[in-house]
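**Student:** First residue of the sequence shown: 229, per the working numbering; consecutive thereafter.
Careful, some of the hints might be misleading.
No farther apart than 27 angstroms at their CA atoms in a straight line, the calculated lysine-lysine pairs in the DSS-like style are these [stated by the list, open to error]:
no., residue 1, residue 2
1, Lys301, Lys402
2, Lys396, Lys382
3, Lys301, Lys392
Hint data in this document are derived by calculation from the structure and do not stem from the laboratory.
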Amino acid sequence: MQRCRQTLRTRCAPLLVAASLALAGIAPAWAAPATDADVNRLLAASRAQNMLDAMLPQMEAMQAQQFAEIAQKQSLTAEQKAGLQRIQQRTSQTLRQALAWSQMRPMYVDLYKQSFSKEDVLAMAEFYESPAGQSLLDKTPALMQNLMVAIQQKMTPLMADLQKDLEKINSEVK
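All chains, please: the whole structure from these sequences, using the hints.
**Tutor:** So this is what it looks like as structure tokens:
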């Protein structure tokens, strides 16, 4: 009998280990899901709407600069410039509609609920409600502005090189 138990334990041990690992892997799926109210608390604490609203003018400014560069690089008639201006206005309008908080909030809520447990969402909300979280939020806009400038400075020569490469390829094709 003793020998039978030992054999059973020896044979079942790998199965028990495998079952334990499998259960550990799916344990996060059992975590309590965040509610809309939990995510809304996090979004309010993290100033998500303010961040999105602050991003729009920056995106529009970058877009305006790109349109200005297009206009400078080409000799456009007054009619073409007016058409380019209309395209810029329409693009800006579309961007504002697509990124309006009323459009984005439901997406934020769904994605946060899919990505994070209730515990995660509440912990993040508590962080953003803390002095350290508020300090991070206060400093993030300047950080993002500096990052955008740095990225743009880094990309400008790369885009010039790309333009040269495209012109070379275009001349080879002709």
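**Student:** Does the structure break any of the earlier hints, and which numbers would those be?
**Tutor:** none
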